[in-house]
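Novice: Top to bottom, those sequences are chains A, B, C and D. Quick note: the first sequence uses the UniProt record's numbering, first residue 1, plus one each step. Quick note: the second sequence uses the UniProt record's numbering, first residue 1, plus one each step. Quick note: the third sequence uses the UniProt record's numbering, first residue 1, plus one each step. Quick note: the fourth sequence uses the UniProt record's numbering, first residue 1, plus one each step.
Since the hints were derived computationally from the structure, they do not count as laboratory data. Warning: the hint list may mix true and false statements.
[Said to hold, decoys possible] Far from chain C, by Cβ distances over 12 Å, these chain D residues were calculated:
| # | residue |
| --- | --- |
| 1 | E146 |
| 2 | T329 |
| 3 | T359 |
| 4 | P379 |
[Stated by the list, open to error] Only pairs whose alpha carbons sit at most 27 Å apart, straight line, appear in this in silico BS3-like list of lysine-lysine:
| # | chain 1 | residue 1 | chain 2 | residue 2 |
| --- | --- | --- | --- | --- |
| 5 | A | K63 | A | K140 |
| 6 | C | K65 | B | K52 |
| 7 | C | K404 | D | K476 |
| 8 | A | K63 | C | K356 |
| 9 | A | K134 | C | K356 |
| 10 | C | K345 | C | K324 |
| 11 | A | K52 | A | K109 |
| 12 | C | K345 | C | K404 |
| 13 | B | K19 | C | K65 |
Backbone N, C-alpha and C define an ideal beta-carbon position, used for all residues, glycine too.
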Amino acid sequence: MQNEVRINSRTANVELLGKEGSKYRALIDGREYEFDVVRVEPGIYSVLHNGKSTNMEMIEVGKANHYSVKTLTNQYEVEVIDALTRYRNNTKGDLASAGNVITTPMPGKVVRIPVKEGEEVEAGQTVITISAMKMESEYKSAFHGTVKKILVNEGDTIEGHQPLIELESLED
Amino acid sequence: MQNEVRINSRTANVELLGKEGSKYRALIDGREYEFDVVRVEPGIYSVLHNGKSTNMEMIEVGKANHYSVKTLTNQYEVEVIDALTRYRNNTKGDLASAGNVITTPMPGKVVRIPVKEGEEVEAGQTVITISAMKMESEYKSAFHGTVKKILVNEGDTIEGHQPLIELESLED
Amino acid sequence: MIRKILVANRGEIAVRVMRSCREMGIQSVAVFSEADRSAMHVRYADEACFIGPSPSSESYLNIDKIMDAAVKSGADAIHPGYGFLSENAEFARRVAEAGLIFIGPSPDAILAMGDKLTARKIMMDAGVSVVPGTRDLIEDEDKLKETADSIGYPIMIKASAGGGGKGMRLVREESELVSSYRRARSEAGSAFGNDVVYMEKYIESPHHIEFQVMADEHGNTVHLFERECSVQRRHQKVIEETPSPLMTPELRAKMGEQAVAAAQSVNYVGAGTVEFLVDNDHNFYFLEMNTRLQVEHPITERVTGVDLVKTQIMVANGEELPFKQEELTQTGHAIECRIYAEDPKNNFMPSPGLVKHITEPLGLGVRTDGYVYEGYEIPIYYDPMISKLIVWAQTRGEAIERMKRALYEYKISGVKNTIPFLKRIMEAEDFASGNYDTHFIEKNPEVLEIPSDCNQECEDMALFIAYLDYTEKMKKLVSEPTEVEKHASSPWKEFARRKSVLRL
Amino acid sequence: MIRKILVANRGEIAVRVMRSCREMGIQSVAVFSEADRSAMHVRYADEACFIGPSPSSESYLNIDKIMDAAVKSGADAIHPGYGFLSENAEFARRVAEAGLIFIGPSPDAILAMGDKLTARKIMMDAGVSVVPGTRDLIEDEDKLKETADSIGYPIMIKASAGGGGKGMRLVREESELVSSYRRARSEAGSAFGNDVVYMEKYIESPHHIEFQVMADEHGNTVHLFERECSVQRRHQKVIEETPSPLMTPELRAKMGEQAVAAAQSVNYVGAGTVEFLVDNDHNFYFLEMNTRLQVEHPITERVTGVDLVKTQIMVANGEELPFKQEELTQTGHAIECRIYAEDPKNNFMPSPGLVKHITEPLGLGVRTDGYVYEGYEIPIYYDPMISKLIVWAQTRGEAIERMKRALYEYKISGVKNTIPFLKRIMEAEDFASGNYDTHFIEKNPEVLEIPSDCNQECEDMALFIAYLDYTEKMKKLVSEPTEVEKHASSPWKEFARRKSVLRL
């Protein structure tokens with residue numbers, strides 16, 4: 001079974017050719033590899049490849065198939081696009097598409113919502129201010145549009161990646 | 001619901017009277033307590049009682065209702081005897097009762113089995129030698145009896161608490 | 001004799017203080033807000049007392065609640081840590097009034113040093129060199145120009161009640177003078193409720209060097225050498241080291257002497273820090289005195305061997321300092337890195353949340369002072385500092401290599417953190433050579449660029465492991481019914497099924 | 001110039017060596033057996049090479065396999081750690097023959113010190129004091145009595161090839177002499193393939209004190225002071241400290257001088273340890289020399305500031321020692337506790353298995369050298385040592401308090417371990433006073449009794465938490481079908497169901 005995996009902007013083809021104990025043979029974009037892979041702690045893998053020892057940490061971000069992969073010096077965003085993802089992409093297509101919903105990457109507290117539902121906002125206008133760890137961050141609209149829905153109240157404690165405000169573009 | 005909990009040789013009656021957030025009211029052998037209990041890590045609890053802060057670790061040993069409880073300085077064996085245990089005790093009663101089956105507390109490797117199935121053994125006679133971490137330990141029969149079943153072979157790697165040899169007493 | 005100390009703080013410093021209490025056989029009492037029931041300082045303490053809702057203003061900054069907790073727990077002393085109420089003279093007074101020992105200086109010393117203009121005047125009288133500028137507040141706009149000319153541009157207008165970079169205005173030329181003055185006053189008024197401002201010469205590219213002082217009630221005051229704190233981001237210290245690469249024995253002696261004089265001028269008792277600005281020509285100027293333990297105190301502990309918290313407690317107990325100036329030595333080199341729950345790739349956005357996994361660096365010459373643990377959720381209400389990593393080695397070069405090794409070993413996942421940024425600083429040429437001042441980060445913008453130079457092979461490996469992890473997860477979920485079937489035949493399920501029948 | 005080191009070991013010492021490699025910018029190569037694929041040293045190294053089945057004899061003790069790994073990986077040096085092949089002269093020779101650097105002394109030095117009688121003779125010639133006794137092997141039974149009389153009872157008959165307490169016979173009176181001699185010979189013959197024995201005076205209740213030595217190829221040999229290793233259980237060191245409570249500056253100077261002479265007598269190069277027996281009257285006798293790094297080397301590192309592994313590598317590189325004897329100082333006090341996966345409540349039964357949870361002690365003055373991590377399964381094949389906990393403080397008293405604090409913080413669950421036993425030793429009167437010798441544990445049997453003095457309230461709490469944990473577990477299991485139902489409506493389950501239909 002072939003799978004597509006996206007790392008940063010690159011999309012690669014991954015095929016598992018065989019497995020023997022902890023040794024995996026894989027074809028990645030036509031290159032054949034033999035990796036010795038052991039999961040040593042939850043989400044942490046020890047990989048031996050051509051004698052080199054590497055540790056990789058897989059941190060699930062938001063969705064099951066989205067990872068932040070940490071290596072010694074770097075961190076990458078990886079998305080596994082397998083049959084399930086394709087299946088879902090084919091059957092569903094609506095649900096608040098990205099860009100129109102304001103979310104924050106981190107948990108925090110809603111300090112101010114200077115807009116109302118139905119209000120028209122300019123590109124760059126602040127629609128919500130979030131405080132976390134004594135620092136306030138302002139989130140702005142990316143376009144000229146209207147405030148469709150406000151999903152939280154001032155003073156609310158919010159999770160990371162939680163939808164806060166839905167906007168509707170008036171641009172085209 | 002009342003429950004019996006055994007700690008070392010003492011069996012106590014535990015009744016949960018109420019719960020509010022992390023605060024539990026409990027009746028233990030007639031004494032009423034209010035504990036503030038939070039599970040901070042898997043199996044690790046922070047307990048506040050009359051202002052005192054205590055950490056307790058619950059280590060499951062063998063069975064779900066058997067614990068080794070670690071406090072700051074001590075370690076206790078605790079067994080929860082609830083309805084299920086009573087139910088099981090009532091419906092089942094056979095299955096290799098303790099004493100007749102040789103097991104080890106720790107994983108290791110079988111070095112020698114100097115007895116054969118059907119052989120008669122004296123009390124104190126070594127029936128199996130186990131090696132773990134460069135140290136050999138001899139396990140002896142507690143009574144005069146016969147070797148009923150040998151469940152492992154020399155050279156086998158064994159788990160802790162795994163049945164190794166079944167003995168049958170000839171004493172009465 | 002102190003037997004039980006309430007630690008009016010949270011996070012790493014609360015745990016730090018309790019460690020020394022434990023070593024001294026002193027009971028420790030933690031206080032905690034709603035967000036902190038499962039925090040490490042509550043777990044570590046002998047006793048713990050709830051003091052209110054999560055926002056600091058309703059708990060850690062609420063003097064009444066802390067005093068209640070102290071009385072209720074029977075503590076005989078209070079250690080304020082740093083931040084929160086540690087430099088609040090009113091709090092120190094209230095503690096004393098309740099008959100408890102405040103582990104810190106007198107309310108008067110806190111007040112004197114808390115007002116910058118007052119402190120400046122006291123220092124001038126004590127012969128401590130301050131940044132050239134005004135001695136008094138400036139009230140007359142007409143004299144502004146004259147005063148500025150006498151100091152020489154560029155100048156800095158500062159709020160007397162300010163601190164930590166707030167309420168300051170840099171004036172490079174005369175044309176900006178009046179408007180800057182007015183804005184500074186109005187800003188200070190609204191921020192601190194006190195619009196007193198004064199004027200200082202602006203020191204270009206200074207070094208920020210501070211001296212640790214320690215004084216007892218018997219008139220003994222010593223310094224425990226310097227800490228170089230010039231690596232700062234937005235006026236926040238990031239890395240500290242001792243000795244300072246800029247220091248010479250002569251300069252150290254002179255600065256140390258003035259630090260002691262500064263402390264003595266306010267009859268200081270306890271641990272304090274005298275901060276100086278130093279230029280490349282070794283001119284130095286008193287900046288301010290922090291009347292508490294500093295975040296970066298461990299590097300001083302490492303090179304001197306002195307446990308500063310224990311010494312604070314001894315002094316609070318009325319004992320004499322256990323060392324004289326000439327008995328103190330500075331051995332080897334220590335560096336501290338502060339690790340924050342902030343995303344260095346996203347403009348240092350705070351990153352509270354669940355700590356999924358943590359591996360602390362261990363081995364020779366490494367100390368970690370932290371408070372988070374696996375499964376702990378870093379709250380959104382408080383400071384984003386996760387921990388402090390301190391290394392020691394015989395030489396500065398070895399200490400940098402050791403810090404790199406320790407940062408390599410340090411793994412925190414779940415929350416974004418500044419470890420990659422700290423690694424970049426350790427690799428910077430200017431840091432390695434010791435040739436840096438408070439403009440280090442502006443001058444070395446490359447430290448802000450966290451590299452993403454994974455070669456193809458490394459990328460391929462990363463995406464293969466992600467694929468593998470995902471596939472395993474999927475298998476587990478899809479095959480779960482089988483797992484359940486297995487469970488179902490266990491006595492558990494049997495019990496569950498029979499439970500309703502038997503009505504146990 | 002060494003650029004890549006293969007570490008022919010596992011466990012904490014392999015990680016320890018790799019830490020210094022990393023700080024020096026040297027690549028490290030791990031070797032691992034079947035049981036060790038997920039061991040920390042494999043994860044820590046830059047490269048890792050499989051060398052065979054789990055039993056040491058087929059992997060870590062197999063010279064051919066290690067040499068293969070070294071050649072394959074392109075290592076230019078091998079660090080043997082301690083144990084395994086570290087004192088194997090044949091291995092040292094093979095490494096040199098392959099053109100690689102053996103980080104340790106010459107095969108000749110290893111051989112000379114490996115045979116006790118040879119070492120004894122060399123020491124006598126070098127003027128190092130040895131335990132009174134025979135210079136040569138005893139072959140003539142008729143001369144036994146005469147020799148024993150000249151030494152004076154009690155005497156010890158020892159196997160020349162022995163070590164670690166094996167092949168020794170204590171003779172308290174003449175009647176036991178001949179039979180003991182015969183048994184010692186036959187035991188030595190079957191145990192070591194060499195039945196040479198000799199006779200020594202038996203020192204009653206000695207102190208076991210060792211000196212760290214370090215020598216380069218250029219004729220420089222220094223010692224790095226002593227380590228007191230008298231707290232032993234069955235000839236296994238449990239706790240070490242430096243300075244020794246028994247030591248005086250005069251004794252230290254004399255013993256240090258003889259330790260250096262001992263090393264020089266075999267042209268020693270690298271790190272080594274000269275072990276002495278010392279009686280209460282400060283008479284001391286050469287016992288043996290260990291031609292490798294010791295388990296307890298970190299306490300020396302802590303009081304001297306010297307990284308011994310780095311120094312080993314520098315010396316192996318042909319460099320001169322970076323310090324002279326007079327530049328070395330011993331500052332403060334360091335103690336090491338060895339933590340074993342053994343059950344102190346059950347006669348120190350080994351306790352391999354899964355480490356469920358681990359919390360290392362942190363903060364001021366604490367160093368941990370370990371290798372296990374959460375989720376790691378300690379294998380049954382190797383040494384049960386989990387880690388070494390090292391503390392430093394300005395005084396011995398403070399170091400003991402700090403060790404207690406660190407032991408309090410150290411939590412390892414899943415495997416039984418000796419932390420409770422170590423806590424008991426720290427509380428023992430004789431340890432606190434420093435008044436102990438190698439019979440410490442026999443004289444203080446209470447350290448073996450781990451207390452179980454939980455009062456009723458503490459018991460009630462323990463059983464309530466157990467009840468709570470159990471109830472939660474039960475609820476989870478019993479309600480699992482609901483969990484699954486929830487899953488079933490997720491896209492996962494939907495996918496699983498459709499999968500067979502769609503034949504993806």
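Novice: Does T359(D) sit more than 12 Å from chain C, CB to CB?
Specialist: 7 Å, violated
Novice: K345(C) and K404(C) were given as a pair; does the straight-line alpha-carbon distance stay at or below 27 Å?
Specialist: 20 Å, holds
Novice: Assess, step by step, whether the Cα of K345(C) is no farther than 27 Å from the Cα of K324(C), and give holds or violated.
Specialist: 47 Å, violated
Novice: Measure nothing beyond the straight line between the CA atoms of K19(B) and K65(C); if it is 27 Å or shorter, mark the hint as holding.
Specialist: Cα-Cα ~25 Å, so holds.
Novice: Could you let me know if the closest chain C CB is still more than 12 Å away from the CB of T329(D)?
Specialist: For T329(D), whose nearest Cβ neighbour in chain C is about 9 Å away, the distance does not exceed 12 Å, so it is violated.
Novice: Take the C-alpha atoms of K63(A) and K140(A), compute the straight-line distance between them, and say whether it is at most 27 Å.
Specialist: 25 Å, holds
Novice: If I take the minimum Cβ distance from P379(D) to any residue of chain C, is it greater than 12 Å?
Specialist: Given that every Cβ of chain C is farther than 12 Å from that of P379(D), nearest at about 21 Å, it holds.
Novice: Grab the minimum beta-carbon distance between E146(D) and chain C and tell me whether it stays above 12 Å.
Specialist: 53 Å, holds
Novice: Do the alpha carbons of K134(A) and K356(C) lie within 27 Å of each other, as the hint requires?
Specialist: 23 Å, holds
Novice: What's the verdict on K404(C) and K476(D), does the C-alpha distance respect the 27 Å limit or exceed it?
Specialist: Roughly 44 Å separates the two Cα atoms, so the pair is violated.
Novice: Does K109(A) sit within 27 Å of K52(A), going by the straight-line distance between their CA atoms?
Specialist: Outside the cut-off at roughly 45 Å; violated.
Novice: Is K65(C) close enough to K52(B), meaning Cα to Cα at most 27 Å?
Specialist: 18 Å, holds
Going through the hint list in order, the structure does not satisfy hints 2, 3, 7, 10, 11.
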